[in-house]
Amino acid sequence: MKRNLFIMLFFTGYICIGQQLSYKPINPAFGGETFNYQWLLSSANAQNSFKDPSIVKDKEEGSLAAFSETLNRQILSQLSSSLFKTQLGEKLQEGNFTFGSLALEIYDSAEGLVVNILDTDTGEQTQIIVPN
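The opening residue of the sequence shown carries number 23 in my numbering; numbering runs sequentially from there.
Derived by calculation from the structure, the hints in this document are not laboratory data.
Careful: at least some of the hints might be erroneous.
Claimed, not checked - Label pairs and their calculated CB-CB ranges:
#, residue 1, residue 2, range
1, E146, G117, 20 to 26 Å
2, I150, L98, 46 to 52 Å
3, N67, I151, 23 to 29 Å
4, I150, G122, 14 to 20 Å
5, Q147, E55, 50 to 56 Å
6, E127, S99, 18 to 24 Å
7, M30, A66, 51 to 57 Å
8, A51, L98, 22 to 28 Å
For glycine and all other residues, C-beta sits at the position ideal for the given N, C-alpha and C.
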């Protein structure tokens, strides 16, 4: 009896077949497939129950505040365009100009007309290229 049990256990171990397990991460941040990123992001956004307070506040301000902001932007836009036309004329001319804390440098290059704008208060700089 013991001998039959030993033979049966011996052959049972021989007949069992195993397989190597492999792990592949899903998240692209940890080496997973990059095409999973969009799905993971949309899934996380769908489960997110927190709301951004600034977005909620903007919706609550109403149409009067939106109208006031739009009106202010239009007035400032017209003011700045008239200021540029007064200082620079109808067409942008080469040279250096100063408007308060903004310093403009306008010159012609192979790429087109280049406008460098520097805010002297903060040190921020922007470059605009108008193609020929």
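Now for the hints, and whether the structure bears them out:
no. : hint                    : result
1   : E146 / G117: 20 to 26 Å : 21 Å, holds
2   : I150 / L98: 46 to 52 Å  : 19 Å, violated
3   : N67 / I151: 23 to 29 Å  : 37 Å, violated
4   : I150 / G122: 14 to 20 Å : 18 Å, holds
5   : Q147 / E55: 50 to 56 Å  : 40 Å, violated
6   : E127 / S99: 18 to 24 Å  : 23 Å, holds
7   : M30 / A66: 51 to 57 Å   : 53 Å, holds
8   : A51 / L98: 22 to 28 Å   : 43 Å, violated
Hints 2, 3, 5 and 8 from the list above are not met by this structure, while the remaining hints are.
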